[in-house]
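Heads up: the protein sequence lines correspond to chains A and B, in order. The first sequence stops at residue 226 when you use our numbering, and every number in between is there. The second sequence stops at residue 121 when you use our numbering, and every number in between is there.
It cannot be assumed that every hint is accurate.
To be verified - With the C-beta cut set under 10 angstroms, the calculated list includes, among others, these residues of chain B facing chain A: (1) D15; (2) G82; (3) G115.
To be verified - Every beta carbon over 12 angstroms from chain B, so not counted as near; a handful from chain A, in silico: (4) H144; (5) T169; (6) Q218.
Derived by calculation from the structure, the hints in this document are not laboratory data. Even glycine gets a Cβ: it sits at the ideal position worked out from N, Cα and C.
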Amino acid sequence: EVQLVESGGGLVQPGGSLRLSCAASGFTFSDFYMDWVRHAPGKGLEWVARTRDKGSSYTVEYATSVKGRFTISRDDSNNSLYLQMNSLKTEDTAVYYCARAGVGTRYFDYWGQGTLVTVSS
Amino acid sequence: DIQLTQSPSFLSASVGDRVTITCRASQDINNYLAWYQQKPGKAPKLLISAASTLQSGVPSRFSGSGSGTEFTLTISSLQPEDFATYCCQHLRSYPLTFGGGTKVEIK
């Protein structure tokens, strides 16, 4: 069974940093692109970042709103995905989901349960 | 960036109703579109990929159609478990974007 379990969310002040983790199991993690998607209160879903697999040289993509502040990374040996978030803003407050992008299709076929990040003074 | 505009943003319907949700893209995205269902406090669930491909395990009352800039999600006979928020997402280019969502509520 595919499982994605996020952790690392919490309350942080504006300008602060936080690192999210996503533990994956039930599939060959190294074969898949992985993404972070967030859902802010009262708003729609927003894609945040993508890391491709080893075959695509682990290249990454970012949403304009987080480029230069967030860094996505992965550790295939530990089946883990990460999101380092720096210079956090109040508008980064959201539930952050780890999502698997299906092989070939690249749509988000499995999601974690989410971890809440609150940026507030 | 490619913008996705969903309509309506809110829909009130009864069990058994046929429901249609529209997603319009700001530029041609071919068929690189997915539909997700999200219930409160839960992660989104992929219903349809490539505009019309039903995911395994998704009831056949759900269907998707369209290409280019206009897409639709249809629920042929609304069931109690279908009351949720539905959103579209494109995969045509980066950044990936989602539509604003359509909340389907019980009439």
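Under the constraints set out in the numbered hints, which ones does this structure not fulfil? Numbers 2, 4, 5 and 6 - these are the hints that the structure violates, sorted from lowest upward.
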